[in-house]
Amino acid sequence: MDKKGVYITERDRMAVIKLDSGYNIGVPPVSCTLISRAAPVTPQQPQIVQDDKLPTLAIVSTGGTIASRIDYRTGSVTSQFNAADILTAIPELKEIANYRTIPLATILSENMTPPIWQELARAIFHEIKGGARGIIVTHGTDTMAYSAAAISFMVDSPVPIVFVGSQRSADRPSSDNAMNAVCAAAAATSDLGEVAVVMHGTTNDDACAIHRGTRVRKMHTSRRDAFRSLGTEPIGTVEYPSRKVTLTPDAVRRGTREPALHDALDPHCALVQFFPGMSANLLKAYDGYHGLVIAGTGLGHTSTTLIPVLKQLADNGTLIVMTSQCMHGRVCDRVYDTGRDLLDAGIIEGGDTLPEVALVKLMWVLANAPDRKTAVGMMQDCLKGECTRRSTHGL
Amino acid sequence: MDYKALGLVAGIEIHQQLDTKEKLFCHCPTALRETAEHNGEFSRYLRATVSEMGEIDRAAKEEMKSNRMFRYYTYDTTCLVENDEEPPAPLNDEALAVCLTIAKMFSMTPVPQVHTMRKLVIDGSNTSGFQRTALVAFNGALPDGGQIETICLEEEAAQRVKDEVFSLDRLGIPLVEITTAPCMHTPEEVEQVAGYIGMVLRSTGKVKRGLGTIRQDVNISIASGARVEIKGVQELDLIAEVVRREVQRQQNLLSIRDELVKRGASVDAAGGTDVTALFKDTKSAVLKKAKKIHAIVLKGFAGLVGREIQPERRLGSEMSDYAKKCGVGGIFHTDELPAYGVTAEEVAQLRSHMHAVEPDCVVIVAGASEKQAACAIGQVITRAMIACSDRPVPEETRKMLETGSTAYMRPLPGAARMYPETDVLPVLIDDNRWAGVEIPELLTARAERFSAEYGIEKNYALQLASSDKLPLFEQSVKEGIRPKLAAFTILSTTTELRRDGVDIAKIPEQAYLDTWHAVQDGKAAKEAIPEIFRSIAGGSTFTEALAKLAPSVSRDELETIVRKIIAERKDFVAQKGMGALGPLMGVVMKEVRGSVDGRVVSEILRKEIAAVSGGK
Numbered sequence: 000m001d002k003k004g005v006y007i008t009e010r011d012r013m014a015v016i017k018l019d020s021g022y023n024i025g026v027p028p029v030s031c032t033l034i035s036r037a038a039p040v041t042p043q044q045p046q047i048v049q050d051d052k053l054p055t056l057a058i059v060s061t062g063g064t065i066a067s068r069i070d071y072r073t074g075s076v077t078s079q080f081n082a083a084d085i086l087t088a089i090p091e092l093k094e095i096a097n098y099r100t101i102p103l104a105t106i107l108s109e110n111m112t113p114p115i116w117q118e119l120a121r122a123i124f125h126e127i128k129g130g131a132r133g134i135i136v137t138h139g140t141d142t143m144a145y146s147a148a149a150i151s152f153m154v155d156s157p158v159p160i161v162f163v164g165s166q167r168s169a170d171r172p173s174s175d176n177a178m179n180a181v182c183a184a185a186a187a188t189s190d191l192g193e194v195a196v197v198m199h200g201t202t203n204d205d206a207c208a209i210h211r212g213t214r215v216r217k218m219h220t221s222r223r224d225a226f227r228s229l230g231t232e233p234i235g236t237v238e239y240p241s242r243k244v245t246l247t248p249d250a251v252r253r254g255t256r257e258p259a260l261h262d263a264l265d266p267h268c269a270l271v272q273f274f275p276g277m278s279a280n281l282l283k284a285y286d287g288y289h290g291l292v293i294a295g296t297g298l299g300h301t302s303t304t305l306i307p308v309l310k311q312l313a314d315n316g317t318l319i320v321m322t323s324q325c326m327h328g329r330v331c332d333r334v335y336d337t338g339r340d341l342l343d344a345g346i347i348e349g350g351d352t353l354p355e356v357a358l359v360k361l362m363w364v365l366a367n368a369p370d371r372k373t374a375v376g377m378m379q380d381c382l383k384g385e386c387t388r389r390s391t392h393g394l
Numbered sequence: 000m001d002y003k004a005l006g007l008v009a010g011i012e013i014h015q016q017l018d019t020k021e022k023l024f025c026h027c028p029t030a031l032r033e034t035a036e037h038n039g040e041f042s043r044y045l046r047a048t049v050s051e052m053g054e055i056d057r058a059a060k061e062e063m064k065s066n067r068m069f070r071y072y073t074y075d076t077t078c079l080v081e082n083d084e085e086p087p088a089p090l091n092d093e094a095l096a097v098c099l100t101i102a103k104m105f106s107m108t109p110v111p112q113v114h115t116m117r118k119l120v121i122d123g124s125n126t127s128g129f130q131r132t133a134l135v136a137f138n139g140a141l142p143d144g145g146q147i148e149t150i151c152l153e154e155e156a157a158q159r160v161k162d163e164v165f166s167l168d169r170l171g172i173p174l175v176e177i178t179t180a181p182c183m184h185t186p187e188e189v190e191q192v193a194g195y196i197g198m199v200l201r202s203t204g205k206v207k208r209g210l211g212t213i214r215q216d217v218n219i220s221i222a223s224g225a226r227v228e229i230k231g232v233q234e235l236d237l238i239a240e241v242v243r244r245e246v247q248r249q250q251n252l253l254s255i256r257d258e259l260v261k262r263g264a265s266v267d268a269a270g271g272t273d274v275t276a277l278f279k280d281t282k283s284a285v286l287k288k289a290k291k292i293h294a295i296v297l298k299g300f301a302g303l304v305g306r307e308i309q310p311e312r313r314l315g316s317e318m319s320d321y322a323k324k325c326g327v328g329g330i331f332h333t334d335e336l337p338a339y340g341v342t343a344e345e346v347a348q349l350r351s352h353m354h355a356v357e358p359d360c361v362v363i364v365a366g367a368s369e370k371q372a373a374c375a376i377g378q379v380i381t382r383a384m385i386a387c388s389d390r391p392v393p394e395e396t397r398k399m400l401e402t403g404s405t406a407y408m409r410p411l412p413g414a415a416r417m418y419p420e421t422d423v424l425p426v427l428i429d430d431n432r433w434a435g436v437e438i439p440e441l442l443t444a445r446a447e448r449f450s451a452e453y454g455i456e457k458n459y460a461l462q463l464a465s466s467d468k469l470p471l472f473e474q475s476v477k478e479g480i481r482p483k484l485a486a487f488t489i490l491s492t493t494t495e496l497r498r499d500g501v502d503i504a505k506i507p508e509q510a511y512l513d514t515w516h517a518v519q520d521g522k523a524a525k526e527a528i529p530e531i532f533r534s535i536a537g538g539s540t541f542t543e544a545l546a547k548l549a550p551s552v553s554r555d556e557l558e559t560i561v562r563k564i565i566a567e568r569k570d571f572v573a574q575k576g577m578g579a580l581g582p583l584m585g586v587v588m589k590e591v592r593g594s595v596d597g598r599v600v601s602e603i604l605r606k607e608i609a610a611v612s613g614g615k
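So the protein lines, in turn, are chains A and B. Under numbering that gives the first Met the number 0, think of the first position of the first sequence as 0, with each following residue one higher. Under numbering that gives the first Met the number 0, think of the first position of the second sequence as 0, with each following residue one higher.
It is possible that part of the hints are untrue.
Partial list, derived from the structure: chain A residues whose beta carbon lies under 10 Å from chain B [what the hints assert, rightly or not]:
#1 R10
#2 V15
#3 Y22
#4 N23
#5 L86
#6 R167
#7 A169
#8 R171
#9 S173
#10 T201
#11 T202
#12 D205
#13 S221
#14 D224
#15 N315
#16 P369
Some chain B residues judged to face chain A by a derived CB distance under 7 Å, without partners named [stated by the list, open to error]:
#17 L5
#18 V8
#19 F41
#20 E84
#21 E85
#22 P111
#23 H114
#24 T126
#25 M417
Quick caveat, the hints were computed from the structure, so don't treat them as lab data. C-beta atoms are modelled at their ideal positions from N, C-alpha and C, and glycine is treated no differently.
I would like the entire structure built from these sequences, with the hints used as guidance.
Given below as structure tokens:
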């Protein structure tokens with residue numbers, strides 16, 4: 000059987016061949032004969048015309064599926080687009096604003112690190128100082144909530160800083176990337192004045208939710224509406240396709256804060272989830288860490304067998320913050336003996352702060368507080384909406 | 000008509016749903032549902048994406064002309080994969096096995112490694128905006144020397160409920176797509192080949208049955224025409240007619256072009272003219288409602304826009320189909336006006352405003368916005384220019400209308416609409432797997448066997464072999480039921496009942512078997528089968544139906560029983576003569592369990608006793 004086609008790549012010891020019909024098939028490489036070499040395809044450089052009368056937004060791209068395409072080398076979806084490509088792919092964005100695009104990184108969000116958060120904070124601050132009416136950060140969804148929390152603590156902003164991504168890859172016609180990006184741009188030009196995540200509110204293409212950057216969590220592996228505000232309602236919505244933005248009274252308004260950058264982070268921090276039967280040795284491994292967040296059970300517990308090790312860590316200088324793996328509700332270590340013993344061992348209650356947010360906050364607090372006592376106080380204070388003083392919202 | 004002389008070339012694509020336990024890329028059942036049973040809805044937009052080669056497919060571009068919101072119905076038998084909210088499961092191996100069986104039945108060559116692709120489809124019928132499809136084998140042979148090019152395993156699209164509403168129950172059911180070479184040259188040949196392929200598919204016993212479970216697409220062209228793909232021919236009987244009508248359409252488009260050239264016809268490519276003001280006091284409901292009305296003069300087109308090219312289809316219908324892509328309801332043209340509430344005076348005004356002279360035709364479109372009207376008139380211009388060009392038959396995907404004529408759907412898609420489904424890993428088909436694929440007996444061979452073994456008439460046997468009750472028939476034969484009884488019930492009785500409006504589907508297969516056994520055991524008369532089935536379809540159990548109806552013994556059978564009883568009591572009857580009637584009455588009634596009218600028993604007994612005793 001002779002078939003002509005274009006050799007794409009070799010994968011798992013099979014040659015991937017694209018036939019004229021567009022179908023790919025896999026064949027043993029030895030069965031292929033070179034007929035001719037394909038002329039290299041030069042990618043088209045997108046031309047973007049902007050409307051000067053519109054406000055200017057800065058798009059800082061970090062990668063993720065809002066800006067991905069198929070990689071012919073591996074046949075898989077990878078982050079390759081720069082921010083300019085996003086405008087080509089989503090023309091409606093041009094009706095909302097002018098854009099400055101800052102390609103900060105092209106990483107999958109699981110590869111995000113605290114040093115990149117710092118670079119991101121600096122880039123955003125630079126854009127705010129440069130007069131951007133709002134900032135859009137394109138980000139992979141896996142760790143978007145961590146990054147949003149990190150920027151919440153590092154950057155005081157008078158303008159909205161909106162994180163956006165997509166749950167269904169941008170290479171599919173049904174991707175949520177376009178609607179999310181359009182809603183993000185609408186939110187970034189709105190009266191909002193804080194860090195937010197703007198993603199699908201439901202499975203429908205009808206509205207995006209605006210989530211506070213310190214109260215948001217990815218709650219589903221694949222659904223469009225995976226992002227949810229926990230312990231609070233979203234701070235606003237953006238309707239689609241009308242792009243009408245509605246903010247709750249609780250949302251921080253544009254111009255409320257003076258711009259400031261506090262980009263120091265202490266990366267020697269960790270987050271550990273307690274589980275029944277957890278060995279004390281696991282905790283001993285954190286000896287020397289500056290900060291440790293525990294996602295405890297229920298009201299904020301570990302087994303009593305771990306308390307001596309936790310005390311030892313605390314005595315050696317590790318700042319230990321208790322949060323709950325329940326996600327909803329606040330910790331209270333004064334109800335049961337175990338809790339009281341944990342407090343005696345030197346553990347700090349994290350209130351209703353989400354475990355991941357507590358970790359990011361701890362990194363920031365340890366690098367910015369002048370002393371340990373202040374650090375403890377800051378961990379118990381609500382700085383950027385990461386915790387609430389009153390539990391007004393149930394499940 | 001001499002189709003060979005016209006240079007008719009046709010090929011077909013057959014899409015057949017497979018009867019697997021689960022869908023192709025998720026673990027949902029392949030169950031079709033009533034739309035009233037849906038338990039949720041959601042809505043989405045779709046937008047064409049750029050392929051890895053940097054192009055947007057031309058068919059996808061066409062669908063993008065109107066930005067439509069699609070609604071989808073969900074069921075307790077659908078999941079997040081159909082909702083496009085979860086990555087697909089691995090390729091269903093049961094479906095692949097059926098596909099390989101079919102491939103082997105056509106002597107095809109399997110691909111060494113199957114790669115699942117995404118075929119861009121943004122008409123709303125796929126929530127993802129693409130259909131997953133994989134090329135499984137090549138180069139098959141048809142008995143008459145024809146060739147099968149490929150067999151692909153694909154996921155079925157969602158069923159359109161109405162307008163932009165789709166039902167997700169059908170989405171993801173495995174389909175095989177069999178594509179023949181363009182090797183057919185007459186309409187009848189196309190029908191024959193489609194029939195043969197359908198028979199082979201049914202021979203596997205693993206394909207779904209019923210209307211809509213098999214669909215034929217036909218690719219047709221004639222010399223100096225163009226390749227046109229006609230989608231969705233569901234009935235085999237129509238396929239030849241579709242081919243005939245497409246040949247007719249292409250011929251007519253060619254002759255219209257010749258006429259246009261002769262007349263020196265031309266179309267102004269610059270765009271339409273806003274004529275909204277001309278119709279501000281119109282009585283036409285469509286024009287009154289419109290925000291913008293645009294017009295174009297087609298110079299030299301008069302009479303040709305309204306000329307029939309297929310039954311119920313004109314060149315104007317083609318222009319209208321193109322315009323509809325922008326969301327308008329259709330077009331008006333002066334070949335058909337005054338009509339539809341547009342007055343002769345308005346037509347005269349329009350013609351004069353547009354400086355149209357007698358040989359010209361003016362087309363107008365009514366849009367809900369300036370953009371829509373401009374888009375629609377642009378489409379009319381495009382189609383009109385094609386009509387007078389060197390290639391007046393555009394390459395298109397068309398859909399079949401009820402009678403066998405067709406309407407424009409979109410341009411033929413190109414290879415740019417295919418890109419890898421990166422969420423599904425390739426599947427290796429090694430020599431062992433291929434060697435292990437077993438070929439089932441062809442239905443035609445099975446029919447011959449039935450005919451030879453059971454003495455069933457040949458045509459009847461073929462019907463039986465193709466029937467979805469074939470497994471029931473085989474089971475009945477195994478259980479000792481007379482083949483002719485089973486065959487007659489399956490093919491004739493049920494068909495008659497169905498025509499009578501009885502819901503045959505409600506009769507469980509076990510009830511067929513129970514009924515046949517009852518007939519063979521003399522507990523029910525053969526003539527009672529329709530009534531028993533009617534009762535079961537109405538909700539009775541088999542036992543209830545039997546008890547209720549059981550005129551269990553036919554007259555023939557009653558006579559046999561009576562003769563048997565008399566024979567066993569030969570001496571008694573000889574001795575008593577007619578006096579035996581009373582005592583024997585009781586014996587017979589006991590035997591037939593009282594299910595026969597006593598007067599009939601008495602009448603028969605009297606006759607038989609007379610015959611034996613010589614009337615004593």
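Hint check:
Given the 10 Å rule on beta carbons, the hint for A/R10 holds: about 8 Å separates it from the nearest Cβ of chain B. Contact between A/V15 and chain B, as hinted, is supported at the beta carbon level, the nearest pair being about 7 Å apart and thus within 10 Å. Satisfaction of the interface hint for A/Y22 is found here, the shortest Cβ-Cβ separation to chain B being roughly 4 Å, below the 10 Å cut-off. With its C-beta approaching chain B no nearer than about 4 Å, A/N23 sits inside the 10 Å limit, and its interface hint holds.
Hint status for A/L86: violated, given a least beta-carbon distance of 13 Å to chain B, over 10 Å. Of the supplied interface hints, the one on A/R167 holds, with its beta-carbon coming within about 6 Å of a beta-carbon of chain B, less than 10 Å. For A/A169, the interface hint holds, since its Cβ comes within 10 Å of a Cβ in chain B; the closest pair sits about 8 Å apart. Taking 10 Å as the C-beta cut-off, the interface hint given for A/R171 holds, the closest approach to chain B being about 6 Å.
At its closest, the beta carbon of A/S173 sits 4 Å from a beta carbon of chain B; the interface hint therefore holds under the 10 Å criterion. About 8 Å separates the beta-carbon of A/T201 from the nearest beta-carbon of chain B, less than 10 Å, and the hint is met. Annotation: A/T202 was flagged as interfacial toward chain B, and the flag holds, the nearest CB pair being 5 Å apart, inside 10 Å. For A/D205, the interface hint holds, since its Cβ comes within 10 Å of a Cβ in chain B; the closest pair sits about 7 Å apart.
Nearest Cβ of chain B to the Cβ of A/S221: about 5 Å, under the 10 Å cut. The hint holds. Because the beta carbon of A/D224 sits about 9 Å from the nearest beta carbon in chain B, less than 10 Å, this interface hint is met. At its closest, the beta carbon of A/N315 sits 45 Å from a beta carbon of chain B; the interface hint therefore is violated under the 10 Å criterion. Because the beta carbon of A/P369 sits about 48 Å from the nearest beta carbon in chain B, more than 10 Å, this interface hint is broken.
For B/L5, the interface hint is violated, the least distance from its beta-carbon to any beta-carbon of chain A being 27 Å, above 7 Å. Interface restraint check: B/V8 against chain A, minimum CB-CB distance 18 Å, threshold 7 Å, status violated. Using the Cβ-Cβ criterion of 7 Å, the hint placing B/F41 at the interface with chain A is satisfied: the shortest such distance is roughly 5 Å. Annotation: B/E84 was flagged as interfacial toward chain A, and the flag holds, the nearest CB pair being 5 Å apart, inside 7 Å.
Hint status for B/E85 relative to chain A: holds, with the closest Cβ pair at about 5 Å, below 7 Å. With its C-beta approaching chain A no nearer than about 5 Å, B/P111 sits inside the 7 Å limit, and its interface hint holds. Here the hint on B/H114 is kept, as its CB sits about 4 Å from the closest CB of chain A, short of 7 Å. With 7 Å as the threshold, the beta carbon of B/T126 comes within range of chain A, its nearest partner Cβ sitting at about 6 Å, so the hint holds.
Restraint check, B/M417 versus chain A: the minimum CB separation of about 3 Å is within 7 Å; hint holds.
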